[in-house]
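Asker: Sequence:
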Amino acid sequence: MIAHRLSTVVNADKICVLSEGKLQEEGTPRELGERGGLYARMAELQKQSGAWRI
Numbered sequence: 100m101i102a103h104r105l106s107t108v109v110n111a112d113k114i115c116v117l118s119e120g121k122l123q124e125e126g127t128p129r130e131l132g133e134r135g136g137l138y139a140r141m142a143e144l145q146k147q148s149g150a151w152r153i
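So for the sequence shown, this note's numbering puts the first residue at 100; every next one is plus one.
Treat the hints as calculated values from the structure; they're not laboratory data. Hints may contain errors.
The following label-pair restraints were derived from C-beta to C-beta distances [unchecked claim]:
no., residue 1, residue 2, range
1, Q147, S118, 15 to 21 angstroms
2, A150, H103, 15 to 21 angstroms
3, D112, R140, 30 to 36 angstroms
4, A102, Q147, 16 to 22 angstroms
5, I153, K113, 34 to 40 angstroms
Even glycine gets a Cβ: it sits at the ideal position worked out from N, Cα and C.
Could you build the full structure based on these sequences and the hints that come with them?
Answerer: Here it is in structure tokens:
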């Protein structure tokens, strides 16, 4: 499955994070969130965008 919204894969057993066609990190959502890598940064940005008002 390919997802742009992280909420789509939050219950996945394993997530592979790709950037520029290369594997950057892999693990469960919890593991990736705790590592503070690309997945964690994307999750934080997506969370912040939920509060935006236009």
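Asker: Of all the hints given earlier, name the ones this structure violates by number, lowest first.
Answerer: Number 3 - this is the single hint that the structure violates.
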